[in-house]
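Chains W and B supply the protein sequences, listed in that same order. Be aware that the first sequence starts at 33, since it is given in the numbering used here, and climbs by one per residue. Be aware that the second sequence starts at 10, since it is given in the numbering used here, and climbs by one per residue.
Since the hints were made in silico from the structure, they are not lab data. A hint or two may mislead.
What the hints assert, rightly or not - Below, a list of computed lysine-lysine pairs in the DSS-like style, where the Cα atoms sit at most 30 Å apart:
#1 W:138 / B:160
#2 W:138 / B:138
#3 B:98 / W:350
#4 B:80 / W:350
Unchecked claim - Pairwise CB distance ranges (calculated):
#5 W:266 / B:193: 39 to 49 Å
#6 B:47 / W:280: 16 to 26 Å
#7 W:265 / B:41: 22 to 32 Å
#8 B:182 / W:261: 26 to 36 Å
#9 W:266 / B:205: 47 to 57 Å
#10 B:166 / W:179: 57 to 67 Å
#11 B:182 / W:430: 37 to 47 Å
#12 W:265 / B:47: 30 to 40 Å
#13 W:156 / B:63: 58 to 68 Å
#14 W:228 / B:143: 48 to 58 Å
#15 B:205 / W:261: 39 to 49 Å
#16 W:438 / B:85: 22 to 32 Å
#17 W:196 / B:143: 47 to 57 Å
#18 B:166 / W:161: 40 to 50 Å
The beta carbon of each residue, even a glycine, is placed where N, CA and C say it ideally should be.
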Amino acid sequence: MTTTTPQQLTVTRTTRAAAWLRKNLFSTWYNTALTIVFGAFILFVLFRLLGFLLDIDTTIIRVNLKLYMTGRFPNEQLERLWIGVYITSAGIGLFARAIARNAEVKALDAGMAIDHAGWQSIIRRFWPILVLVAIILGFTQTPLPALLTLGAAAIGIGAYVSGAALPRAVIKRSWLIPLVGTVAFYLGVAGFGGVGWDKWGGFFVNIVLTIAGITLAFPLGLMLALGRRSTLPVVRYLSVTYIEFLRGVPMISLLLLGAFALGFLIPGDQQFSLFIRLLIAITLFQSAYIAEVVRGGLQSVPKGQIEAGQSLGLSPWKTMRLIVLPQALRNVIPAMVGQFISLFKDTTLVSIVKLLDLLLAAQVSTAQPEFQAQGLQAVTLPFAALFFWVGCYVMSRESRRLERKLGVGER
Amino acid sequence: MTNREVFSDATQMAGTGETMIELEGVDKFFGDFQALKSINIRVGKQEVIVVIGPSGSGKSTMIRCINRLEKHDRGRITVNGIDLSDDIKNIQEIRKETGMVFQQFNLFPHLSVIDNITLGPRQVRNLPKKQAEDLAMDLLNRVQIPEQAQKYPGQLSGGQQQRVAIARSLAMNPQVMLFDEPTSALDPEMIKEVLDVMQELATSGMTMIVVTHEMGFAREVADRVVFMADGEIVEVGSPEHFFTNPEEDRTKLFLSQIL
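Chain B on its own, in the form it takes in the complex (with noise of 0.2 Å):
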């Protein structure tokens, strides 16, 4: 694992000291309402952020706004030093830097469980038909449901269809991975399946941004903790710090609701 100093400002980061991802001064309105205001933040390469706050903070506006499934309105986001524009080529490479995993996991219904993973190797990877389908077999051993191959999605438990959403993602060779909420449409039982295979991605190595509600899952695995609230970045601190010396009202607030 990578060092877990405390740091307070946002654009420093913990990992390998390079940087993944940047976001300078993000606004983003719907209408009239500011989902983001003013968003600074540096993700590391290999870091693993977990981003927590009430509900309506904005945190997935935020992580939704890195592979443009929001468009931000005023600020920059790089990628893997691709500056985010409205050119859609440039959308789409920054798109296959990153993988997404969802809280309602959005597997397709109509496609097994393995051509839902070849899909986007095969579409847009070009890869042949089996070395693709060699891939998600991999992957489905990395995520523990090789069994479930030839299935539908809608044959599955939850657990199983967000750790193969968790598999698609992979088989991009994402260099980020973001997950929004992953774990909050699963039954209590299913949640650790999940939070064992991200735990075991971040320790491979993988930079992650994670919006969870999971405090345990902040605690073992984040590099730092980011407080979001109203829109804003509150307070950004590595987990012990975060969760037994909270500096912000509004974190010590959220944290006294929560724990």
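Next up, chain W with everything else stripped away, as it sits in the complex (with noise of 0.2 Å):
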């Protein structure tokens, strides 16, 4: 090793530079020849990539867009779908601003100074979200959608802006928005005539089994994580054999069995369809996982807050839902967002049985006529790949903060 001395301090910025090779890639002859190996090889990949880049042919992708985005949604129907973004965008508004108002009456409570986030700050959280929202744009082949979006973005600003106007019982209760706006977007899409999901498809599906899957088997792992915990032997052993069974299998597993086996075990000519079968088989096996998550938070918090708990007074169940639970959840956050996270790549599995989901469509797409047989999967499942690494990549930022933020007053 060597050290830097007063005189290097202050020499040029190219002899500096010079020192710093030598002394980190050239100072023994090994560390030499290994450097001129990997910088060789990685000169190789990168020219390989560059000239990868350089000659890709997108055609594939601007034909399927809409497979991609959407599955085989009938084309005569779009438009439903549009109003289920501009739903979804008014709610995230309106739903951003009930937020941010419950925050600042906290602080004021607090005498804390109120945590203004701009624009920027938005940037910086979502930048990923927005440049893939470009990249999609980019390849449309008409300026319509780019013109849709831009509606969405504002119906959502307005809905941000005129959420000042909710009424101080709704914003209380922030929680009814995303519950109404879910309705709302399922009577847009589907009510009234509309197609049904089992023709929804696409990218749009991994988004739905997602976002399906983690509020249905979020409170079903945390039943169930109590249960584990139950004084009652039945409520216990019975929790105890559903996750263990359910984490014993593998998800693929579950999903044949959805696709091909519930059907049977559903008295009556009522048939749920494909997607609320493999639905209901995500469910089931990501809450086994939630309810282990679950478990873990619960054994972090210490005995002696139940027991602060109890001698107020409160009954065992206020004690688990104001006192145990509230930390638990916050010690597993992170472990539960990775869970989250997993689910929703999971998503892809769906394939497996012809659910024609993005993965799915990026494969198919890749068999068409005019495209089969040219190699074209280095194309469009890297394409596919950028969706799920944009959401797994916001999420687990979004757990960082939240993490943060919870943290207030740690001890």
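Join these two chains into a complex; the hints should help.
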């Protein structure tokens, strides 16, 4: 190792760079050899990658963009999906405003400075989504989707601004907004003679499966975790059996069961669509994992917390709900979001049973007559992967943010 | 203050003469280990009892049995006329009557100081929010940290946290306060501020059972001092009698070790 002498600190930039190179890359003969070998390898890979990128033909993406986004959703009903998009952006705008307002009230109560989240912080937090939207719009064949997207952005901002007029009662119960939004979304997309969810596909179906999977599996997992700690032996054994059984089988086997066997278990002529059967399989599987994550959180809360609640005269249920659970769930945010991320990626497994999600769409598009046998998976699969990377990266960033925010006054 | 005659029998009380807490023949086992051996004690209304003894002598176990944080195996426990039984309703009634302060404070770290204090009144006594917050501010004034109301427990010193814990218990308007080594986890310079609050509480007529190693507090505030060893009550007496003229050998040995 060479040490930095005072003279070296004052020399010019170029000699400093040379010194850095010598110190870090060429300090010994074997270091030099490694540098040359790996340098050559990296240059080779970069060269090939650059050649590929320059040579890339994105026609397949342009032609199939609708297939990737929505599967075989009927063309004549596409406007319904845009209605869904608008309902979503209005809901997000209102919800964001309600949350911001609640945080403001809390900060005022605590005499703390209000943390004004400007548009810069929105961009810093969600830039991958913005980039993804820009890329998608770059592949559209008409300017209409871009205009409609601008419209969605305008509606979102408008909802945020007009959210100031929301009555106090609604702002306090801000969870009402996503609830009402979900119902409105479903009615807008599938209600009143629209196509049901069995026709949904593409990335749209990955998103819906993820969100529905989380909202259904989380409460179920929570109940299982509580059941596993119950003092009633029947409840405890049922929970343990459920969790250990479902954690012990591959998710694909559950998806296959959902696709081919679940129908026989349901009495009568009533048949659920493939989409619903797969959603049930995903929910059952994920809830077992979420139950174990929550159990870890429950165990992390010190016994003294429960005793303090009990000695105030709180019932066991209120002690759990008001004291143990809030701390337990905060402690497992990283693990929980990790679970959600893996759920998001696992929704691509529905392609096994031919539900046309983004991954399957990316795969089947390369079998179309004009594109087949040209190795175009090298174009479509990275494009599909980009969607998942964006979703996972944003979720992971947001979870770290949430951790920091909820860490206020941590011991 | 109440009278301070010598009582060598643990079932004889000081205070107003009415019984607040009564333990009769209480046994407690942890597996094969007997933590409490036939404990008999009566605590009068407004009486202050200080329990001392070597570690592992059953002091904490005894007061934790009184509000059923531990389940006793034999004997009878009565608090303010309510018999402690296995019935959950009954247990909750007793817990409403008894406040408890822990060695490790056990404040709720996810709630602000004022929410820590209002939680019990709002959830158990169904007090409206505004009323509960007024009550909490009164109590924070009483323990002399009203300016900390909106902070979180993690932002307070140990002494401040313990005073919040006392305020939290008082918010339930208990008839009895149990203290389980309330100053043992504190830095020396913070012990006095907590003891001052406890002394003020005693002066105001609260019935208290205090497990502590603070002999100065026992001498000044206690109506009776209870000495426990090996799960038994060895000796009971007024502080003067207890510290100047103990009768039992185990008491003498213990006092010679700590004084």
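query: That 47 to 57 Å hint for residue 266 of chain W and residue 205 of chain B (C-beta), does it hold up?
result: 52 Å, holds
- request: Take the C-beta atom of residue 196 of chain W and the C-beta atom of residue 143 of chain B, compute their distance, and say whether it sits inside 47 to 57 Å.
  value: 31 Å, violated
query: Within a Cα-Cα threshold of 30 Å, do residue 138 of chain W and residue 138 of chain B meet the stated pairing?
result: Distance of about 15 Å is within 30 Å: holds.
- request: Mind checking the hinted window 39 to 49 Å against the Cβ distance between residue 205 of chain B and residue 261 of chain W?
  value: 41 Å, holds
query: Is the hinted pair residue 138 of chain W and residue 160 of chain B satisfied, with a Cα-Cα distance of at most 30 Å?
result: 12 Å, holds
- request: Using the Cβ atoms, figure out if residue 182 of chain B sits within 26 to 36 Å of residue 261 of chain W.
  value: 32 Å, holds
query: Can the suggested window of 39 to 49 Å be confirmed for the beta-carbon pair residue 266 of chain W and residue 193 of chain B?
result: The hint (39 to 49 Å, Cβ to Cβ) holds, given that residue 266 of chain W and residue 193 of chain B are roughly 42 Å apart.
query: Quick one: are residue 166 of chain B and residue 179 of chain W within 57 to 67 Å, going by C-beta?
result: 60 Å, holds
message: 22 to 32 Å was suggested as the range; check whether the CB atoms of residue 265 of chain W and residue 41 of chain B agree with it.
response: Holds: the Cβ-Cβ distance is about 25 Å, inside 22 to 32 Å.
- request: Kindly confirm whether 48 to 58 Å is satisfied by the beta carbon distance between residue 228 of chain W and residue 143 of chain B.
  value: Between residue 228 of chain W and residue 143 of chain B, where Cβ atoms are some 55 Å apart, the hint holds.
- prompt: For the pair supplied as a hint, residue 98 of chain B and residue 350 of chain W, is the alpha-carbon distance within the 30 Å limit?
  reply: 14 Å, holds
Cβ distance range 37 to 47 Å for residue 182 of chain B and residue 430 of chain W, holds or violated: Cβ of residue 182 of chain B to Cβ of residue 430 of chain W: about 43 Å, so the range 37 to 47 Å holds.
Hint violations for this structure: numbers 6, 16, 17, all remaining hints satisfied.
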